[in-house]
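Participant: The residues making up each chain are set out below.
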Amino acid sequence: MKDESIMSENQSVTQQVLDFQTKVATLRQEIGRVIVGQKEVVDGVIACLLAGSHALLEGVPGLGKTMLVRTLAQAVRLDFSRIQFTPDLMPADIIGTTVIDESANAGKVFEFRKGPIFSHIVLADEVNRATPKTQSALLEAMQEHRVTVGRTTYTIEEPYLVMATQNPLEMEGTYPLPEAQLDRFFYKLAVTFPSREELHSIVDRTTTLHEAEVKAVLEREEILGMQKLVRQVAVARHVQDYAVRLLQATHVQTGKAFDKVQRFVRTGASPRGLQAMLLGAKIQALFDGRFAPGIEDIRSVAPLALRHRILLNFEGEAEGVTTDAVIEQILSQLPESA
Amino acid sequence: MRAARLLGASKALGKSPQQISLLRVKARNAQARARLNRLFATAFRWAPGPLGYAAIGLTYVKVAHRSDGSSGWLWLGGSLLLVAWLGISARAWLRRAGQSEGGLLLDHFHELKGRVGNALSFAELPLSERTPFMEAAIQDAVRVGPELSPSLAVPWLIPRETPFVVVLFFGLLGLSLLEVRVVREAERAAPKASQALVLAIDDVEYFKEISARLAEAPHAADVNQAIQRFNQLVLDIAGERVTRDEVFRRLDALERDLADASDAEKAAFEQALKDRASELKSSQQSRALGEALERHDVVNAEKELKKLAEKVRQQKQPLNRPDLERLKKALEAASQQTQKRLERIEARRQELLSQTRRLLNKKKDQKPLSAQEAKEQKETERKLERLDREKREATAAGKGLAGLDKELAEAAQKLMKEAGLSAKDLEQGAEQMNRTAQSESSQQEKQQLKKRLEELRELLRQQGQAGKEQMKRLLRFGQRARGGNGAPAEGGEPGETNGKGPKGPITLSRGGPGEGIDIPGGSGKPDAPGGQKGQKGQKPGQGEGSEGAEYGTGHAGGLRGDSTKLDGKFKDVSVVAADTGEGAASAEVIHGAAQRGFTGRGYSKVYTDYRTVAESVISKDEVPAGYRFYIRRYFQLIRPRE
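Each protein sequence line maps, in turn, to chains A and B. Using the working numbering, read the first sequence as starting at 1 and increasing by one per residue. Using the working numbering, read the second sequence as starting at 1001 and increasing by one per residue.
Here chain B stands alone, though its shape is the one from the complex:
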């Protein structure tokens, strides 16, 4: 058998080139099949990775409804995984298990013991290098060539993971077609800001009180609008719906809207009123009006104008001609005040301008200015600037009184011709005055509102510096101020009701000792730590006698004094220092308030007195600007509570 096969091999000689090609083709075919099998095996083995990731990612996107940029990371991860999978698969495809792989596979399947592999290997060698044994080996393999079957030698293999991958793939397909119902929650109105500004309840209440007070009275439309905005801001702060930045932004906007009339313009307006007043005072008839304007009392000025109109209109006792003449001149002069003032300013301005031009021309001609001239030039420039400012202010003030001026001028023109018409003009002037009054009142309201805004701003600023500790202290203080028992302060004892310790101050601390502000009458140490509570002082009232339902059994010190009050209703009278009035002394009221909270009518009165004095001191600039806040804040905290 073996001999026959060997002999057959020798007979196959001569056909070798074609036959070896056949062997090569079959070996290549077998190798390609093996590589594809490897590719599929590797691809299927690793496919669950990207498919699983895709399934999870798709689920996440569908359930979390993320179609925005946040799903970019998912895509990136998926792409990387896909690239890795493709890389691994490509590597499996490109990895060649040697050139002889196909031959070896055929040998294995057909049990040829390496004949094909050897023959292909020997066939690679040049003919000259081949030995007779090599040729014989090639012929031996060539003989079996036609019987070789790559498809049988390397059958297609179904990877073990195929079912799992198929299920995963179709699951992913199904998932991609699945529509997840989106339940969108209705947008909640103004959710709380994540870093909302938190103010102490006490402060919030204070500003709520202010805004309520401001809203009570009727105002001009613009002031009303500003107050509404302020109220809304306070409500938002109370509801913790706005951040600190947002509050400051809105405060800025409000302040910008309110800031229309500057102090200088106000002064200019007052000066304009004074100018008109001096002219009007020259006539007996319009003197009262002039005096009212001189006092900036626009309400009275309106009344006086109406009276004047009444006088002019009066038929029974008409004004005599000289009076009318004087009134006419006064009215004319008053109506022309703005114009005159502007003319004065302009004349002076032109004068200064010519002076400046002269000096400039000298400079142009390369002639050096003397020291005196240089000084003069600077002085002129300063004056010019001042005049320009005055002109602007006068124009602004003139605009405010333009209506009045027009009516006064018309009244003056018609005064001599037709009294009725002139009176009508004067009445219209009164209306203008009313508007001016309203405008002024509106300015005052604006100023008041601005002050509140400043208070709020300063409070926020200080709160930002003090931090949470101050917030806690304010909370405790607020509770006590309402008469409640504040929780014991850190390191401090709750105040004793009848203690006899030293009178302690209520301090407003900025987080450290020594910066407290004493309530008048307190005599404790001002450097007590912030938040520490003062102890009760002396018992209020030291009057004699006692309150009772029965008739008194004793008698007062002076028998010759008042008769005994039979109803037994008498009050303790304290005499402290110069306070001779009845009732507790201010200091005692304050002490009592410090212990029981800032409540009660007596305390309200004392508070108002002290506050008024403090405000007046502040307004007179006797207090450094830096301390004004603390004073105001102090009074704000000790304000009477309900």
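So here's chain A without its partners, still in its complex pose:
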């Protein structure tokens, strides 16, 4: 009797995982209609969507960051808004503002007009060009999924995903994101330059009459259901322990700090990094049709989840060391079981 119930539960779980995989594959396919290559970035963005968190995309101009987010928004039936961050952008420009509404019946009434932040998917383009004041306006929305204006708090409808992009080259006139805000991004995705084949495809698609049409393949409820499924995935103790040790290894203060950590790291990743790693690993496992993530999943998502959460010291900055190099050393030297 018990076996039967387990069997039915198991069949249900298996079915859910299969559905999940199918939906993700469909979504990838739709995005792939527009975006050539960039598999890791696409998966990362999808993972952020399914984790209910935000993504920071970094790459030189012209690599399709904005296009990717726009395509994602089209592929899922969700609201989308794009904010072009500039130095003169004010918080009210993104949050919204109170205006006087003159109507014939009620007379003059103050009414809050929601800003672009109140969409399901928000593209914060070149987020580092806005002033810190404006950048910080995103903080509450990103973490709490709500916005407080005056005495009123407005909840943002789920799913909520902020996709910020930034250009790593043009640093003049930019305001690097504060650590607190960086920490709120689930993944930091590096948009790399396309390969030769990918460039051919890009040219073929964009210089001809061919026009890609993206259909919405996922409904809002489906996305919420997938988000729920992700959180149901169990993590084995040794995998979780590995993630914990990995996070600890990014800190200088822990017992046996690795060489690069010892030399170049000022502050290690926060517990949000651990959460990001585990959620990311769960999503990876589901992508792969598995019921639980393994250490390999943790290892694969660790750079995405930790690279923007580790702060280098002056020596690290001066030496041109990247946080990816630090994470790579930790991953190569940290034993899988302890």
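Since the hints were made in silico from the structure, they are not lab data. Among the clues, some could well be false.
[Said to hold, decoys possible] Derived, one-sided and incomplete: chain B residues facing chain A with beta-carbon distance under 8 Å:
no., residue
1, G1114
2, N1118
3, F1133
4, M1134
5, A1136
6, D1140
We put the beta carbon where it would ideally sit given N, CA and C, even for glycine.
Position chain B against the provided structure of chain A, taking the given hints into account.
Facilitator: Using the frame of chain A, we list chain B on its own:
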């Protein structure tokens, strides 16, 4: 494909308990293999340490042939190293890389992305705590269980150091079988002691001279043996083969063997001779014998005994009866002297004993002794002690003369009956006397040898206190004493041959100023530092005229004196103080000796004279005991050299 696999996982439900056991077994197997690999890797990595140490240690033991206790440290070191190696290896074996290690290894090899590890981890949880995802994960892993291969996942690894360790091991094995030929050096005769006693060459020569002198004359067997031992000791010292302690030990042994006759016993012996002498003097015939004994002249006494035997034996002019009677009584009385003396002592002793007993009984009866009685008791006890000593001495002396006494008694008995037999007894008595003489002579030799031993002992004692500086000074002094030029002393100038400086003393220093002993005639400062050399005094001889091969052209002061010695061979005559003899005065001879070394016949004579006087002064106890050594040492150092 993925869907099919997922569906397969759900079908595997129901077999999970058995299948998960299979997973566990395979995971454990993989883990055990991994641990063994770790053990071998660690053991081989560290094995060169103990093996290398063993090889070095074995080589050392074989080459240095150390099979005694000194190789204990090697064993200890080896044991510690072995224990450390075992500890490190055990640690590698016991170190568990987590419970999931086996599952992870299987996952890695079969590219299962953590399925087995997760399933084993979830299976550890109670059923109630498992979520559907956990169950699904377990089923997913169970499905692939039969395909898992621990042996492929964890193959046996040959440690990188294996060839080196194997070579080292077989090398060690070969080394242990190797026999190293032992070349043993023949034992050298008497190697030099590491802390051998070193005496100045001069002193060594002195003692060699003494031992040679002692060995020249014939001696009694025991004295001869003692002299040989003394000679050997001197040779060993000269060869630097004995330590200071060893020398003192051998000196002690020698002295103990020599010390048989004490002075008291000698006195008792002389008294015994005197007693016999007084009895023998009562007869006209034996008076000469008695007188010889009275003088302790045992050699003459032997002659007189032989003469007496001759007289008794004489047939032509036999002794008259009264003479014979008196001789018989004298001989009888002489032979009974020991007995009589012992009887006297015993009688007196018994008397004193009874007196003591009386006083003791009074004491026992709780009657307090008066002051007079107490004094009397003490006096009696002292007397008793003295009598006991006298008895012992008399007995010892009697033993020495027992042979003579026996022969005299027999001679006396036979004197009246048969003169020939009596004469024979007297001759045997003479032989006994000869033996006594020899014994006495042997005692004298022993005394002489003892004196030398004391000298040597005192010299060693003083040398031990003075140290190396004195040794250097003695070396220089020895060279100069032989007429050589000693190296300049520290802080001093070599002596000038014709200098006119103050006459300097030759000092025997104990390492500091002011303790020198002047050679008579010297007038330098006695507080000159040790080792400083005296300067030449006045030119010897101030006689007139000069030595030449030609006839003299001048004349002596007194024209009426002796005729001119035409051969021109005349000697300088010095008149110094009361010395009216020819030749240089003693003081001048000594001065000359001080400059040229203690050589020459003239110096030998002067030395003997002075030495004799010094010895006689010493023997009369006119010199404090502490200074005797210095006097003897002084004469020893300035003795004539060849």
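Participant: A separate judgement is required for each hint: does it hold in the structure or not?
Facilitator: Status of each hint after checking the structure:
Because the smallest distance between the Cβ of G1114/B and any Cβ of chain A comes to about 2 Å, under 8 Å, the interface hint for this residue holds. Interface restraint check: N1118/B against chain A, minimum CB-CB distance 4 Å, threshold 8 Å, status holds. A distance limit of 8 Å between C-beta atoms decides the matter here; for F1133/B the minimum to chain A is near 5 Å, and the interface restraint holds. Residue-level restraint check for M1134/B holds (minimum Cβ-Cβ distance to chain A is 5 Å; threshold 8 Å).
Proximity of A1136/B to chain A holds as hinted, the smallest CB-CB distance being about 4 Å (cut-off 8 Å). Because the closest C-beta pair between D1140/B and chain A is about 6 Å apart, less than 8 Å, the hint holds.
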